[in-house]
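Engineer: Construct the complete structure from the given sequences, taking the supplied hints into account.
There are 2 protein chains.
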Amino acid sequence: APEAQKEVKSDEPKLPSWNEGENKNAILDFVEKTTTVGSSDFVPEKDRIAVFDNDGCLWSEQPFYFQLAYAIDYVKKEAPNHPEWNDSPVLKSAIDGDINGILSKGEHGIIEVVMASHTGMTAEEFSQNVKDWLATAKHPETGMAYNQMIYQPMVELLSYLRANGFKTFIVSGGGIDFLRVWAEEAYGIPPYQVIGSSIKAQYEEVDGKKAIVKTPELNFIDDKEGKPVGIHQHIGMRPIIAAGNSDGDYQMLEYTTQGSGPRLGILIHHTDSEREFAYDSLSPIGNLKKGLIDGPSLGWVIVDMAKDWSQVYPK
Amino acid sequence: APEAQKEVKSDEPKLPSWNEGENKNAILDFVEKTTTVGSSDFVPEKDRIAVFDNDGCLWSEQPFYFQLAYAIDYVKKEAPNHPEWNDSPVLKSAIDGDINGILSKGEHGIIEVVMASHTGMTAEEFSQNVKDWLATAKHPETGMAYNQMIYQPMVELLSYLRANGFKTFIVSGGGIDFLRVWAEEAYGIPPYQVIGSSIKAQYEEVDGKKAIVKTPELNFIDDKEGKPVGIHQHIGMRPIIAAGNSDGDYQMLEYTTQGSGPRLGILIHHTDSEREFAYDSLSPIGNLKKGLIDGPSLGWVIVDMAKDWSQVYPK
Ligand SMILES: [Ca+2]
Ligand SMILES: [Ca+2]
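Protein chains in written order, with our numbering: chain A, 1 to 315; chain B, 1 to 315.
Derived by calculation from the structure, the hints in this document are not laboratory data.
Beta carbons: idealized from backbone N, C-alpha and C, even for Gly.
Careful: at least some of the hints might be erroneous.
Stated by the list, open to error - Here are the simulated DSS-like cross-link-like pairs (lysine-lysine), alpha carbons at most 25 Å apart as the crow flies:
1) Lys167(A) x Lys46(B)
2) Lys290(A) x Lys209(B)
3) Lys210(B) x Lys290(A)
Said to hold, decoys possible - Stretch-level coverage of chain B by chain A, calculated; a stretch enters the list once three of its residues show a Cβ under 8 Å from a Cβ in chain A:
4) 50-58
5) 136-146
6) 206-214
7) 235-249
8) 279-290
Said to hold, decoys possible - Covered stretches of chain A (chain B as the covering partner; in silico rule of three or more C-beta atoms under 8 Å from a C-beta of chain B):
9) 189-203
10) 252-263
Structural biologist: Below is the structure:
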C-alpha cells in the first residue's frame, strides 16, 4: 500500500497549554522533522506510532490510582450481597474505606480488590458499572469528576500527533477494560488502541446469549518490562514516541528510544503541588527515580509540570 | 468525541470481482443501511468493526497452511545448524519434507515445527526471515508466490468497508507475527489490527540493545472460542461484521451476529476446484460442517466461491 506522506498543517496555535521553552520546542521539532517530506528524519505515516502511559501521564493518580477508587467503591456498594467478603482482611479494609489496609498488603492487596470488583460479570456489565461510577464519583480532594482530571496539555499533544498522521495508543499498567470505557471520550483513543493489564476472559452463554465473561485470573501485567511486551503483542511495531511518568515506564521509553531513526521519549515530572501534586522518587504511587537520573543523558524530554504547562486540567 | 457520520461514496463500481446475486446484494445492502445517516440501522463510525479470518478467508490454505510451509522451509534450511533436530520425529519429518509425518502428530506436530522455526530469535529477525521467504517461495501446485494467492474479492471487500468508515481487523488462528509481516501490503491492514495465535515474548538485551525475543511457550490460541476472547482482548468491542470459512470461525460469527442491531456474518464456502480448491466437511484443513448446517438459519451469508466470485486471485 502506498504510504500516505501528506503533511497535516493548520493555522491554529500548536499545543496552546504548553509554555514556550525547550521542552515544547523539542516536541514540536520532532513532529516537524518526522513529518516533513524530504527531511532526513522523515518517517512514513504507517510507522508513526506513539504510546502513552495513562496514570500520572494523561490523568492524575493521587492520592491513589483512580481505578482503585472505583474498585473500593464497588466493593462497598456490593458488600451486602457478599457477606463472605468480610472474611478477607483486604476486602474488609475496602468495605471500611481503609485504603492503607489495602496498600499495606502491597500488590496482592490491590489485586484482591480488583478481582472482587472486576470479575464474575460480563464485559458489558463491567463497562456499564464503570460508566455509572464515572458519572457520579468525585475525587476526594478536588471534588472533580475523575475523568475531568485529565491533563489538557497531553490531550492537546495527542490531538496534535494524530493531526500529523501519528497513531496514538495508551500503554497502561492499569486495567485495559477499565480504560476502554472512557478513553475515547477523554483522549480520542478508541478501545482497540488501548493496551493495559488484563485478567482472563471466557466465551460463555449468559442469559441465553453468548458473551465475554471476566474471570478471576491474571492474564497480563502491563508494567516495566511488560510494557514493551504488551506493545509487541498489541501493536507489533516499535513506537517512535513514548511518554510516561514513572519508572514503570522506563523500559517502554528505553525500547522506543533505542530504535533506529528519530525517537522521542517523554517523562512527565510531577512538580506542581499547587495545581496538581508534587511527587517523584519517594512516592509509592508513580515512583520516579531511575528515569530522572538516566533520562537527560538518554535525550528524554523531562517535562516540568509547574514550568512547562500553563494549564493542567481542561477549563 | 463527536461521531464521524460522514458517508464515503465513490463512482467506482462496487466489489467488481463479485458476481451479481443475493450474496453480493446482502453485503452491499448491509453497508448501505449501516452507513446511511437517518437509517434505522445506522451505526456510528466508531462502532463499525469488521473482523476477518485469514487462512481460507483472505488467502488460500491448501494443501496445508502457508505458515506451516514457511516453518518447514525454515527447519530444512536451518537443520545443519541444529543437529539435535534429527532426534525429534516431527522435526525429522520437516527436514525430510514429509508433511504427513508432521500432520499425523496432530496439533502437537504443528506446534513443534512452529516452535523450532518461530522462537529463539528477536521479533525483528523473525519478520525479516518471513519477508525473505515470501520473496522467493512458491506454492507447490500453483507456482505462485504465497502472498499472490490472496482473494481479490475479499481485498475489494476490505477496501470497500474501510471506504465506508469500517475498521478492518484480521482474527486468525495463524500466528500474529507471521501475518503482520505482509498483511498491510496484501490487505491494507496494519500490524496493530492483526489478531492471531501467539507465543510468549520477552524483553531482553540482544547485541547491546533491548529487543523483543520470541520464546518457545504458547501464549494464546486464537481459534474457536478463543476468537471472541482474542477480539475482546485486542479490540474491546463486539464487531458488527465477521467473515470466516471454517468451524474455527463459528464462535466469532456467533459472537458478532448475536449482538444487538444490524449484524453481518459471512462464511466463504470453497466450491471452486478449478480456480482454487473445493473442500468443506471432510477436509482436515479449513473444516466446515456446523457452519454450513446452522449458517443459513442464522442469517449468515454463505459465499459460493465458484458462483459468487468472477475472479479469485489478483490479476
Ligand atoms: Ca504512570
Ligand atoms: Ca480459516
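Engineer: Now tell me if each hint is right for this structure.
Structural biologist: Here's how the hints hold up against the structure:
1. Lys167(A) x Lys46(B): Holds, at about 15 Å.
2. Lys290(A) x Lys209(B): holds, 18 Å
3. Lys210(B) x Lys290(A): With Cα atoms ~17 Å apart, Lys210(B) and Lys290(A) stay inside 25 Å; holds.
4. 50-58: violated (count 0)
5. 136-146: violated (count 0)
6. 206-214: Our answer is that it holds, as 3 residues pass the Cβ test (under 8 Å) against chain A, meeting three.
7. 235-249: holds (count 3)
8. 279-290: violated (count 0)
9. 189-203: holds (count 9)
10. 252-263: It holds, with 3 qualifying residues against the three required.
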